[in-house]
Amino acid sequence: MDITELKELMRLLEESTLSELEIEEDNRRVRLSKAVQAAYAPPMQQFAPPAAASAAAPAAPAAAPDDAEEAWAHVIESPMVGTFYSSPGPGEPPFVQAGARVSTDTTVCIIEAMKIMNEVAAKEDCIIERVLVESGQPVEFGQPLFAIRPTS
Amino acid sequence: MDITELKELMRLLEESTLSELEIEEDNRRVRLSKAVQAAYAPPMQQFAPPAAASAAAPAAPAAAPDDAEEAWAHVIESPMVGTFYSSPGPGEPPFVQAGARVSTDTTVCIIEAMKIMNEVAAKEDCIIERVLVESGQPVEFGQPLFAIRPTS
Amino acid sequence: MPGMFRRILIANRGEIAVRVIRACRAMGITTIAVYSTADRDCLHAQLADESICIGPPSPTESYLNIPRIISAAEITDAQAIHPGYGFLSENAKFANICRDCHIEFIGPSSKAISLSGDKSACRQAVKAAGVPIVPGSDGLITDPAEAIRIGESMGFPVLVKAAAGGGGKGMRIAHNDAALKNAVKMAAQEAEAAFGDGGVYLEKFLENARHIEVQIMADNQGRVVAFGERECSIQRRHQKLIEETPSVALTNSMRAKLCKAAVRAAKAIGYTNAGTVEFLLAPDGYFYFIEFNARIQVEHPVTEEVTGFDLIREQIRIAAGESLGYSAVKPQGHAIEARLYAEDPEHNFRPCPGKIGKLHLPGGIGIRVDSHLYPGYVVPRYYDSMLAKIIARGRNREEAIDRLANALDEVYTDQIVTTAALCAKVVRGDRFRRGDLGPDLLAEYLPKTSV
Amino acid sequence: MPGMFRRILIANRGEIAVRVIRACRAMGITTIAVYSTADRDCLHAQLADESICIGPPSPTESYLNIPRIISAAEITDAQAIHPGYGFLSENAKFANICRDCHIEFIGPSSKAISLSGDKSACRQAVKAAGVPIVPGSDGLITDPAEAIRIGESMGFPVLVKAAAGGGGKGMRIAHNDAALKNAVKMAAQEAEAAFGDGGVYLEKFLENARHIEVQIMADNQGRVVAFGERECSIQRRHQKLIEETPSVALTNSMRAKLCKAAVRAAKAIGYTNAGTVEFLLAPDGYFYFIEFNARIQVEHPVTEEVTGFDLIREQIRIAAGESLGYSAVKPQGHAIEARLYAEDPEHNFRPCPGKIGKLHLPGGIGIRVDSHLYPGYVVPRYYDSMLAKIIARGRNREEAIDRLANALDEVYTDQIVTTAALCAKVVRGDRFRRGDLGPDLLAEYLPKTSV
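Residue numbers (numbering that gives the first Met the number 0), protein chains in the order written: chain A, 0 to 151; chain B, 0 to 151; chain C, 0 to 450; chain D, 0 to 450.
One or more hints might be untrue.
[To be verified] Chain A is faced by these chain B residues, among others (derived, beta-carbon under 10 Å):
hint, residue
1, SER18
2, SER102
3, GLU111
[What the hints assert, rightly or not] Residues from chain C that face chain D, not an exhaustive set, calculated with beta carbons under 7 Å:
hint, residue
4, SER108
5, GLY363
6, VAL368
7, PRO374
8, ASP401
Because the hints were derived from the structure by calculation, they are not lab data. By construction, the Cβ of each residue, glycine as well, lies at the ideal position given by its N, Cα and C atoms.
The following block holds chain A by itself, in its conformation from the complex (with noise of 0.2 Å):
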């Protein structure tokens, strides 16, 4: 076993936020974990919610995103926090719907903050698989608002 080669194996694996690693192959096997890290949930979970606080409170905006982050390979973020518009005006039709083939010019929604529409734009030549969040819900920075498949 070469000693640099398993040194950067287990820099990749400490620096990753994984907790395992297993190579095989010919004849030779290699398994590194990491226990102690996990040991730690994610903090957002850290905090059981106060319960007399959150009965009394509308629904978080925020609370959609790490589902979404986890299950979604490629997305669309939110370049700020605002409300997303799916069209350019009520009534309207969307700027793009689910199967879209869309490149880095073609606007795919609108952010409304301080009453300024920013057009948003897809950052790379792709398809669209599907859009997360509600024409009208508020975003914010950071969020997916639609999964999708690059074709660049």
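Given the structure of chain A, go ahead and fit chains B, C and D onto it with the hints provided.
For chains B, C and D alone, coordinates are given in the frame of chain A:
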């Protein structure tokens, strides 16, 4: 297995934040692991000694045992808190010395607690390898008094 | 007068040991912790200037073992021992032995401990000083017929109590002659088994009475000062869960009378150092002495928060022969304490020892935390399951309640269930806010099977 | 009057965001936290009822970005924004935009913010109200010759200060004509670069003067109340490290005069909400106004500890249109705050961001901890390195010092170096105990290279 190589692997794992390392090649398999518990430093070192207080305080009687416990595989421990005496009285020869062969009815020392002299006997047949405590020194419960080599 | 101590040994563990260590350090006194092998990693053993292992986990071989503790004090050259609460704190023999060994016991004289420990004799001494006591027998009951005569004369229901009792053991309630006859026998047997002393006495059972206690401090120069009252009506299994001061049940003139009675009771039994006088407050506003606690109590911080005094410091000063130097204290504001036990309220307060992983305790304005917890601490199964006391201070009761409820919400103890959420629900509830603290309050927040 | 807010957005991070969240929760107000992607795991984002990501780590794209914060407030239906300290807290434009968007800004009017931000104009307004100011120029200096004329008339040394300044930037000291001529030019350039505003003015440099500030609260009905003073003389790199109240340098009659002057200054600039009036106290006992801070300050807890008031609650009440309801407060006891920064005092206060493993923060009697730390928290490198404030309260200064020193000893932050040990050494030292808090005090405890 080359010991030098193994040592290198062990050091690598120790210095990393990983908890397991497993290598299998040809007809050889090496698996190293680090207990999750080991991620926590020994708690007695968790708190820096308060500078002002420790400067003022005399040497704690409990300072020695931790090191001693590591160093010796077999020991006779103090069964109580008190003052260790190696001989029955001042100026008299000690009960035992390094090299002495003792049995379960041999008195090896006295622990004085609340003005009462408590005779301490060996727990098993053994040879005294080293006396770990000076006569007249305070000892705590469980503190190693003698390093021994069992003979039975 | 020996002058102030330079070295104090703390004959206790957990949060109260940490509490005493902090008080000593603020006074420049070197602290010596004792610990059992189960407590090697406990915070008190880490915070003290010196720590000494005294025995295996079993309390009788460590924290309750007088020779081992005295021996530890001798080899570490301690000039005084603080017993905390529980363990040896109300053991008259221990107090005696300490002083025989020229080690000051930070607490009352062994004579005063003995007298407060004999509940029946203490009642008589306090009654003789003119403090109202709950109607009952003049001393121990030896004959069931005598019990019935007394029971009928003062009216049922009647409480049978063990003279050496505590924690609800050897205590029985009787609603009629036949039940009383039985209760006397059963209580005596229980008391004999639990305390090695089968002496029992009678008290009238006061319905809907509130438990109110007065903190007193008495110096060796004969001055006794009352530090106001605490109300401790919210209990689980006869153990307190939430305590507060002042009590909503008292008017200022009632409070003044109660404090005066407490001082008189302390003087009647020749008490010195910190003590608590327990009273029952009947719905008609009359109050009756029930017993004397000869120790610092778990809930002492609420009194500290409204008076500004460090009661442990006062205990040490008194033990060193200093006089109090004041004759009255003026509490201000309101304070409430909630106790965090490693117990599951949903399952009949089942103890939950084990390792605490991640940990978050609250902080900020008006919040005091007394605790021996740290992340990674393993709660041992050998001792009391109390982990922390969260104390909230406010300018008024509302503010203290709001702060306490929110602080309790913040508590996060990974892998261990505590009473934090239950306490939060209770103090946030309407009944607690109204000050309606009857003994049935807690049951409203528990599954039916847990009550 | 709009009535009390039901939903407040906190436009800040870290300990002050946690502080505001706790105050809101105790008032029954729903809290909305904003956070940058570097602060996903920060305690404020976890404690708030709702949390919303507003941008990448860079402050200009998150906590300093007005459109993003306003947009976050709009989509979460917040009725008011608390700006904390730093970031947008003294940004008059932000206060204006909030109100234009029908969101209450919890702080003074944008006019009052502008006036306190223009240090030279503020001086004139306060002087006109009869409050003594440090001798200096009547307004901005445009001509070096004018500077020299003023410098000669009031005597050297002279301080050149930026009108828009803060944190020591654009500030120069001159001991003679030639140096002053240079200093004016240099300071103007520095100020232009740092604040986009090259306006400078002159002040006489008072040697051995102490920095003393007065906390004031002003409601919208015209009532201004002084909450006593704070002394903040122990600083590193013009940033405060240890603060206390009351100041040992003031007699009661001086204190009364100072508080009166502070109230007059606040009224002179039409101030509302929480503010701090800074004074220099010369060795001869005379005091001089220097500037007005239009925000809640880091060190506000020491004032809370001696007055019993929750100043954040008072800020919120005032913003909601409530009147203060009292005309004076009576501080009691003594409080001292030490700031824990993730910095290494042994190496020139080099910042030490990174992951905190094990963590122990102190507790017990008289100790308040305001912090966003929890075990495992990663201190990001993008923001201020303050981790926690440890505040000790005592009946007197001695008691507060002893408690603070011991609490600081207890601090344990695994893997991260903090200023805790340095602060412990300072408060335990003879000079601090004597109250001799000159600007050179800190240097005594630092390696020569770090000063």
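Hints, one by one, checked against the model:
no.: 1; hint: SER18; verdict: 4 Å, holds
no.: 2; hint: SER102; verdict: 47 Å, violated
no.: 3; hint: GLU111; verdict: 46 Å, violated
no.: 4; hint: SER108; verdict: 27 Å, violated
no.: 5; hint: GLY363; verdict: 5 Å, holds
no.: 6; hint: VAL368; verdict: 4 Å, holds
no.: 7; hint: PRO374; verdict: 4 Å, holds
no.: 8; hint: ASP401; verdict: 4 Å, holds
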